[in-house]
Structure formats: structure tokens, C-alpha cells
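Undergrad: Given only the sequences and the hints, what does the whole structure look like? Please build it.
Protein chains: 2
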Amino acid sequence: MKINSNYLNLKDSYLFSLIAKKVNEFKQQNPEKNVIRLGIGDVTLPLVPAVVDAMHKAVSEMGSADTFKGYGEEQGYGFLRQAVCDYYAKKEVTLDISEVFISDGAKSDLGNILDIFDTDNTVIIPDPVYPVYVDTNIMAGRKIQFVNGSADNHFLPLPDEKTEGDIVYICSPNNPTGAVYTKEQLKIWVDWALERQAVILFDSAYEVFIRDESLPTSIYRIPGAKKCAIEFCSFSKTAGFTGTRCGYTVVPHELVRENVALNKLWLRSQTTKFNGVPYIVQRGAEAVFTEEGMKQIGEQIQYYLENARIMADTLTELGIWFTGGKNSPYIWLKCPNNMSSWEFFDYLLNKCSVVGTPGAGFGKNGEGFFRLTAFGNKRNVTEAMERIRKIIL
Amino acid sequence: MKINSNYLNLKDSYLFSLIAKKVNEFKQQNPEKNVIRLGIGDVTLPLVPAVVDAMHKAVSEMGSADTFKGYGEEQGYGFLRQAVCDYYAKKEVTLDISEVFISDGAKSDLGNILDIFDTDNTVIIPDPVYPVYVDTNIMAGRKIQFVNGSADNHFLPLPDEKTEGDIVYICSPNNPTGAVYTKEQLKIWVDWALERQAVILFDSAYEVFIRDESLPTSIYRIPGAKKCAIEFCSFSKTAGFTGTRCGYTVVPHELVRENVALNKLWLRSQTTKFNGVPYIVQRGAEAVFTEEGMKQIGEQIQYYLENARIMADTLTELGIWFTGGKNSPYIWLKCPNNMSSWEFFDYLLNKCSVVGTPGAGFGKNGEGFFRLTAFGNKRNVTEAMERIRKIIL
Numbered sequence: 000m001k002i003n004s005n006y007l008n009l010k011d012s013y014l015f016s017l018i019a020k021k022v023n024e025f026k027q028q029n030p031e032k033n034v035i036r037l038g039i040g041d042v043t044l045p046l047v048p049a050v051v052d053a054m055h056k057a058v059s060e061m062g063s064a065d066t067f068k069g070y071g072e073e074q075g076y077g078f079l080r081q082a083v084c085d086y087y088a089k090k091e092v093t094l095d096i097s098e099v100f101i102s103d104g105a106k107s108d109l110g111n112i113l114d115i116f117d118t119d120n121t122v123i124i125p126d127p128v129y130p131v132y133v134d135t136n137i138m139a140g141r142k143i144q145f146v147n148g149s150a151d152n153h154f155l156p157l158p159d160e161k162t163e164g165d166i167v168y169i170c171s172p173n174n175p176t177g178a179v180y181t182k183e184q185l186k187i188w189v190d191w192a193l194e195r196q197a198v199i200l201f202d203s204a205y206e207v208f209i210r211d212e213s214l215p216t217s218i219y220r221i222p223g224a225k226k227c228a229i230e231f232c233s234f235s236k237t238a239g240f241t242g243t244r245c246g247y248t249v250v251p252h253e254l255v256r257e258n259v260a261l262n263k264l265w266l267r268s269q270t271t272k273f274n275g276v277p278y279i280v281q282r283g284a285e286a287v288f289t290e291e292g293m294k295q296i297g298e299q300i301q302y303y304l305e306n307a308r309i310m311a312d313t314l315t316e317l318g319i320w321f322t323g324g325k326n327s328p329y330i331w332l333k334c335p336n337n338m339s340s341w342e343f344f345d346y347l348l349n350k351c352s353v354v355g356t357p358g359a360g361f362g363k364n365g366e367g368f369f370r371l372t373a374f375g376n377k378r379n380v381t382e383a384m385e386r387i388r389k390i391i392l
Numbered sequence: 000m001k002i003n004s005n006y007l008n009l010k011d012s013y014l015f016s017l018i019a020k021k022v023n024e025f026k027q028q029n030p031e032k033n034v035i036r037l038g039i040g041d042v043t044l045p046l047v048p049a050v051v052d053a054m055h056k057a058v059s060e061m062g063s064a065d066t067f068k069g070y071g072e073e074q075g076y077g078f079l080r081q082a083v084c085d086y087y088a089k090k091e092v093t094l095d096i097s098e099v100f101i102s103d104g105a106k107s108d109l110g111n112i113l114d115i116f117d118t119d120n121t122v123i124i125p126d127p128v129y130p131v132y133v134d135t136n137i138m139a140g141r142k143i144q145f146v147n148g149s150a151d152n153h154f155l156p157l158p159d160e161k162t163e164g165d166i167v168y169i170c171s172p173n174n175p176t177g178a179v180y181t182k183e184q185l186k187i188w189v190d191w192a193l194e195r196q197a198v199i200l201f202d203s204a205y206e207v208f209i210r211d212e213s214l215p216t217s218i219y220r221i222p223g224a225k226k227c228a229i230e231f232c233s234f235s236k237t238a239g240f241t242g243t244r245c246g247y248t249v250v251p252h253e254l255v256r257e258n259v260a261l262n263k264l265w266l267r268s269q270t271t272k273f274n275g276v277p278y279i280v281q282r283g284a285e286a287v288f289t290e291e292g293m294k295q296i297g298e299q300i301q302y303y304l305e306n307a308r309i310m311a312d313t314l315t316e317l318g319i320w321f322t323g324g325k326n327s328p329y330i331w332l333k334c335p336n337n338m339s340s341w342e343f344f345d346y347l348l349n350k351c352s353v354v355g356t357p358g359a360g361f362g363k364n365g366e367g368f369f370r371l372t373a374f375g376n377k378r379n380v381t382e383a384m385e386r387i388r389k390i391i392l
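Quick mapping for you: the protein sequence lines, in order, are chains F and U. Using numbering that gives the first Met the number 0, the final residue of the first sequence is 392, and nothing's skipped along the way. Using numbering that gives the first Met the number 0, the final residue of the second sequence is 392, and nothing's skipped along the way.
These are computed hints drawn from the structure, not numbers from a lab. It is possible that some hints are incorrect.
For chains that are exact copies, the list does not tell them apart, and a pair is met inside one copy or across any two.
Claimed, not checked - Calculated pairs, DSBU-like style, for lysine-lysine (alpha carbon to alpha carbon, straight line, at most 30 Å):
| id | residue 1 | residue 2 |
| --- | --- | --- |
| 1 | 68 | 21 |
| 2 | 56 | 325 |
| 3 | 20 | 142 |
| 4 | 90 | 26 |
| 5 | 294 | 182 |
| 6 | 10 | 263 |
| 7 | 142 | 1 |
| 8 | 294 | 26 |
| 9 | 263 | 21 |
TA: Written as C-alpha cells, this is what we have:
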């Protein structure tokens with residue numbers, strides 16, 4: 000028996016374990032200090048009442064023979080797929096219910112979607128990047144090329160005359176940089192993909208944080224995108240579902256390669272290797288899209304965006320360069336005084352007991368940068384900014 | 000962009016759609032007839048009270064900031080992995096918590112596990128078989144060899160001197176045949192695998208139906224199995240979780256190939272492409288293993304086994320050859336009068352309005368056989384057996 004030897008090419012990531020180690024050592028040596036974590040990539044606010052109520056109701060249904068639900072369709076219940084279509088209709092994007100696949104989260108689908116593509120494709124990945132894009136392709140032995148994010152392009156890389164590949168990942172609003180592509184910029188990627196019959200994997204997990212109405216919350220706002228893009232979204236950050244697990248993936252019928260509809264391939268993949276999302280969770284997700292649910296999650300998003308604003312205002316005041324902080328829960332800042340990512344990490348931890356995430360952990364172009372997240376609580380964020388102001392001003 | 004052309008080699012399965020079509024036509028032509036379905040592969044009894052209570056509690060926890068849960072470990076919460084270890088301890092199988100991976104069901108893991116193996120391996124699959132084993136390997140372009148189940152070996156094929164391969168699927172109690180391997184028979188497969196460093200993928204989704212204490216409910220009851228087998232199990236049939244989605248996979252640390260522990264590869268695969276099972280569902284699954292939960296699901300299993308017994312008694316009385324019906328929710332019978340699978344399907348439907356599943360849908364060796372399932376209700380099962388007795392006696 001031969002193992003998949005591509006796995007041996009994966010690098011172990013020590014980013015979060017090294018952060019934990021350093022923070023623990025600091026706490027042992029400084030037990031009196033109140034450490035504030037601004038590196039957390041997980042939501043902290045609980046599920047909203049509309050979701051909780053819907054899930055209680057669904058749990059009760061599962062306990063009664065009359066209303067019990069066994070296997071559902073692998074691609075999700077019609078009620079939830081229709082709710083997703085209605086949500087897109089408000090964005091002026093028309094989807095058919097059969098173009099929507101309910102999943103247990105964007106991470107699963109972003110990994111599993113690769114199964115429908117030949118391993119002999121070249122993949123284009125922005126640097127810095129969410130590490131899963133890279134690792135899932137290393138596991139399959141695909142050729143990877145990076146496009147470079149930098150302060151010069153505000154960490155929104157675009158293709159140039161040398162950019163060639165078959166599959167490209169775009170995440171907007173971006174993790175880790177918080178940067179958001181404009182319609183004009185996304186159009187450049189869409190045109191590039193259409194020209195060479197490439198496929199865009201568009202990760203829109205943070206779309207709900209976009210408040211600037213001129214910015215696209217779906218790639219399908221760009222003409223032609225249905226012929227070249229698959230869109231992945233999630234309730235994780237939208238409605239605090241990181242521990243509840245639900246997302247959705249859109250594969251338009253117009254997306255055809257080598258005379259085969261990718262929708263048909265993905266349907267076959269999901270019906271063969273997946274058995275759907277729990278009924279209880281799908282009812283919870285459906286409640287997110289109700290008027291009450293949208294209002295309640297809107298308040299949570301506003302809370303996180305207010306945290307982001309507090310951080311952004313402080314950085315602006317201090318003259319520190321950054322992306323994000325608006326239309327995104329992330330802030331990506333240039334480390335002051337040309338410090339490296341880890342130097343700045345140690346500096347912040349030792350001088351003001353604040354923890355963030357070194358940008359170097361997201362790719363070589365992340366060196367010299369640093370990620371802050373808005374998922375903490377407002378009092379802590381305000382306090383952390385006070386402390387940073389004192390050491391940097 | 001090149002698609003994964005292996006998908007083009009998949010055959011469309013018309014089994015269940017053809018059954019539905021025939022049943023619908025029959026009902027239209029015979030609106031007065033009460034059609035009884037004994038082909039259903041899904042549970043019908045609701046979740047037990049212990050599970051429902053645990054899930055209500057977990058939903059409430061998710062709605063409160065103090066008890067809210069965000070991302071959990073991809074491989075599952077410690078409380079559930081420990082409960083699985085304790086369950087195995089009762090079977091006299093010792094597992095470490097790090098050998099247990101909580102999943103959203105056996106189907107997902109049986110498909111996804113293949114990612115850790117090179118595509119250049121030969122896979123051995125019994126015929127007849129659960130179609131997912133075949134399709135997932137066709138998708139990866141692996142070479143498949145079949146071992147033949149037949150009335151002669153009671154649909155429990157064993158390796159012979161010509162059987163060569165790298166990965167072998169064993170499902171016991173079997174879907175679709177209901178047949179259960181003895182310890183002595185499983186030992187032949189384990190010894191075969193150890194001899195050639197092959198890996199057994201052991202599907203034990205129906206283990207809870209085994210009431211004969213001499214039969215193994217885990218492959219790890221066989222000496223040496225930890226060095227050659229991965230075991231997949233599920234709460235779907237154990238506790239009615241087909242619409243609630245939870246399972247677990249055991250990858251022993253002793254299972255090493257090409258100097259790499261497969262546990263480490265699977266951990267990497269799951270942490271990269273999966274984000275864990277909902278907290279709410281894991282709390283429900285944990286409740287299955289409590290004293291109360293085990294008692295309640297025990298009663299459900301007994302109910303289904305009683306249905307199986309009623310069918311088995313009738314077939315015995317009628318002199319029809321079958322496997323299963325004990326220690327399994329499935330009965331696999333030889334069609335009377337040398338009818339083909341579909342001839343018998345039409346015969347049963349037209350003569351007594353009973354629906355089952357043609358064995359030919361599970362592989363070429365299924366031709367001439369027929370599957371009945373015990374997941375219906377007792378009154379219907381009894382009535383169906385009365386009708387069959389009348390037309391066959």
C-alpha cells in the first residue's frame with residue numbers, strides 16, 4: 000500500500016502554537032498583567048435568538064415520530080437553498096435553487112471542490128493567504144504559483160501579462176488583510192479567467208461585513224462571472240456559526256469546461272461523499288435570513304465593525320499604514336519602525352500585553368505586517384488601543 | 000482548466016429513481032391499494048429523549064455568551080472521543096482518544112479517507128456492495144478488483160490465493176446482504192492484509208444490531224487488526240442520526256505504512272479540509288452513550304430486529320433462501336422460481352403491493368437476489384409478510 004506522498008511535502012504550521020507558547024510564557028512571568036487578545040479569528044458573540052429558537056423547534060421535531068427527519072438531500076433542504084437564492088436576489092444576483100449547495104462550512108467545500116479538477120492544473124494563489132488554499136493543493140500535488148500582495152497594490156493583487164494558470168483563489172473581503180476588491184478590480188480577474196477558460200474560486204466568507212454599497216458582496220455582480228467562478232460562503236462569521244457549521248457554495252449552470260457543467264460534477268461529488276448538513280442546523284441557518292434574524296445578526300456585525308473602527312482610528316492617528324478596518328473584521332498593519340512580524344509581536348506582548356498575529360504566518364509577503372481582528376469585546380479593544388497609543392506616540 | 004476526467008467513467012445509478020418511477024405508476028393505476036415499502040434504507044423512529052434533551056441544552060448554551068462555543072477541534076470534542084473510547088472498552092478494545100476522529104458520518108469519511116492513499120493502489124471491493132465504495136475509487140482513477148459474494152459463501156467472500164490488492168473494503172454486518180463475518184473469517188482477512196501490508200477499511204455502521212455475542216462488533220477484536228485496519232462507524236443507524244449527522248473513525252497509531260503513521264495523515268487531512276461536527280450534535284451523540292441513552296436506543300434496535308425476525312420467520316416458512324435477518328436490519332433473499340431481481344420486484348409490487356430493492360442494483364452478483372429492510376413499522380411488516388405468504392405458499 001502506497002500512501003499519498005504529497006502529504007510529505009506539507010510544512011507544519013507553528014504559527015498558532017508558537018503564539019500560544021509565547022503568551023503562556025509571558026503570563027507565567029507576568030501573572031499580574033491583563034493580556035488582551037486581538038489575534039482571535041473566532042467569533043465571540045452567541046447565536047442570535049432567532050437562530051436559537053429555530054434550532055430548539057427543530058430539535059423537538061426530531062424527537063417526535065410525526066415530524067422526525069431522516070436523510071435529507073445531500074445538497075441541502077429546499078427551504079434553505081431558496082432562502083440563499085432570495086438573499087442573492089437582494090444583491091441583484093439571480094440564482095436557481097439547483098445552483099446552491101448547502102455545506103458544513105466553506106473550509107470543507109474549498110478543500111473538497113478540488114476533487115472535480117484534474118491534478119494537472121496550475122493554481123494561482125495570492126500571498127499572503129489563508130493557509131488552507133495552499134495546503135489542499137500541495138496534498139493533491141498541484142503546481143502552485145503565487146501572485147504578490149504588497150503595500151503597493153494595497154494587498155489586492157491583479158493579474159499581469161505574465162500571470163498564467165487554470166484555477167485562481169480570490170478572497171474578498173480578505174483574510175488576513177481585510178482588503179476588499181472593487182467591482183473594477185474584480186472585473187480584471189473575471190476577464191482574465193474568461194479569456195483563458197480558467198476558474199475563479201471566490202471566497203466570500205466575510206461579505207456581510209461590507210457596508211460600502213459600491214463594493215461587490217458577490218463575484219456574480221461582475222458580468223461574465225457565472226461563466227468562470229464558483230462562490231463559497233459561510234454562516235460562520237455572518238451569524239456566529241463557527242461551532243454550528245453551515246455554509247453554502249454556488250456553482251452556476253453556465254460554468255462549463257471541456258463540455259462538462261461543473262455543477263453536475265460537484266453534485267456527483269457531494270452526493271457520493273457527503274450526506275448533508277444536520278436538519279437542526281439548516282433550520283437555524285434559515286432563521287438567519289428572516290427579517291428578525293437579519294436584524295439581530297446586523298447588530299452583531301455592527302458591534303464587530305465598531306471594534307474595527309476603533310482600531311483603524313488609532314492606527315490612523317499613529318500614522319501606521321494598514322488595510323482593512325472598514326468593510327471587514329480584519330486589520331492588516333505595517334509593523335512600525337521596520338520591525339519584522341515576530342519582532343512586533345514580542346514588542347506588543349512585552350510592552351503592552353496585547354496579542355496579535357504575525358503576518359509572516361500567512362506567506363512570505365506577510366513579513367513585516369501584522370493582523371488584528373475585531374472579534375473581541377469593545378472594552379478590551381479600547382483598552383488595547385490606549386496601551387498601544389502610549390507606547391507608540 | 001482540465002476537469003477530473005475520472006468522473007466521466009462513473010455510471011449513473013438509476014436504481015432508486017427507477018423504483019420510485021415504477022411505484023408511482025403502480026399507485027396511479029391502483030389508487031385503492033395500500034403499498035408497503037420494505038425497501039427503505041432510512042430509520043423511521045425519532046431521536047430518543049436522552050439525545051433530544053442533550054441537544055436542547057446545547058442549543059441554549061450556544062445562545063448565551065457565557066457558554067457559547069466557537070470553533071472546536073476538527074477531530075471532535077474530548078468528551079465525545081472519550082465516550083467512544085469507553086464504548087470500545089466495553090468491547091474489550093482499548094483505544095487512545097487521539098485514535099478517534101468524530102465526523103459528520105461514515106459516508107463522508109469513507110470517501111475522504113482515500114485522499115491519504117496514492118491513486119496507484121489496487122482496491123478490492125466485495126460484490127454486491129454499497130455503491131459509494133466503488134464510485135469514490137472511480138473518481139480517483141484507482142484500479143478496482145471485485146471479490147465475489149454468492150450463496151455458496153453466504154455472501155461473505157474471503158481472499159483466496161489469487162486475491163491481491165492494497166486496500167480492501169469490508170462491511171459487517173453487511174449492507175445490502177445482512178451477512179456478518181465471524182471472528183475466524185475476519186481473522187483470514189486480517190492475516191491476508193498483514194502479510195502484504197494492505198489496509199482494511201472496515202465499515203461497522205451496523206455493529207449495534209449484533210446480538211450474538213460470539214460475533215465481532217469491531218475488527219479490533221481480531222489480533223493484529225490495529226496494524227492493518229481503519230474502522231468507520233456512525234450514529235445514523237445506531238441512534239437514528241441519519242438526518243442529524245455524526246459518526247466516528249478509528250485510525251490506530253500502530254497502523255504504519257512506508258514509515259508514516261496513517262493517523263498523522265488523517266489528522267492532517269481532517270484539520271485542513273474539515274472544521275468539525277456541530278457542538279450541538281456532538282452533545283447529542285454523547286448522550287447516546289449514557290446509561291439512559293443506551294437503554295433508549297437499545298429499545299429502538301430491538302424494535303427493528305423484531306421486524307427482521309418477522310420477515311426471517313416468514314421466509315424460512317416459505318423455504319426461501321436468505322442471509323441476514325438476525326444481527327442486522329437487512330434481509331437478502333434469493334428470488335423464488337429463479338426470477339431476476341427486477342422480475343421479482345415487479346411480481347411483489349403487482350401481486351401484493353410490497354416494495355423492496357432489486358439486488359442487481361448492488362453489483363452483478365446481486366442479480367437474482369432482493370433486499371428487504373427492517374426500518375419500517377411492525378404492523379406494515381406483518382401485513383406485508385401475510386401478503387407474501389399468500390402469493391408464494
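Undergrad: 30 Å Cα cut-off: does residue 68 pair with residue 21 within a copy, between copies, both or neither?
TA: For residue 68 and residue 21, the Cα distance is within 30 Å only across copies (24 Å; inside one copy 48 Å).
Undergrad: My question is about residue 10 and residue 263: at a cut-off of 30 Å on alpha-carbon distance, are they close within one copy, between copies, both, or neither?
TA: between (34 Å within a copy, 13 Å between copies)
Undergrad: How would you label the pair residue 294, residue 182 (within, between, both, or neither) given a Cα cut-off of 30 Å?
TA: Only inside one copy: residue 294 and residue 182 sit 27 Å apart there, 59 Å across copies, limit 30 Å.
Undergrad: Between the shortest in-copy and the shortest cross-copy C-alpha distance, which are at most 30 Å for residue 56 and residue 325: within, between, both, or neither?
TA: neither (36 Å within a copy, 37 Å between copies)
Undergrad: With 30 Å as the alpha-carbon cut-off, assign the pair residue 294 and residue 26 to within, between, both or neither.
TA: Close neither inside one copy (39 Å) nor across copies (47 Å); limit 30 Å.
Undergrad: Evaluate residue 90 and residue 26 at a C-alpha cut-off of 30 Å and name the case that applies: within, between, both or neither.
TA: Neither: 47 Å inside a copy, 44 Å across copies.
Undergrad: With identical chains treated as interchangeable, where does the CA-CA distance between residue 142 and residue 1 reach 30 Å or less: within a copy, between copies, both, or neither?
TA: both (21 Å within a copy, 13 Å between copies)
Undergrad: Please sort residue 20 with residue 142 into within, between, both or neither, judging by C-alpha distance up to 30 Å.
TA: neither (34 Å within a copy, 46 Å between copies)
Undergrad: 30 Å Cα cut-off: does residue 263 pair with residue 21 within a copy, between copies, both or neither?
TA: Result: close only across copies, 25 Å inter versus 48 Å intra.
Taken one by one, the earlier hints fail for this structure at numbers 2, 3, 4, 8, listed in ascending order.
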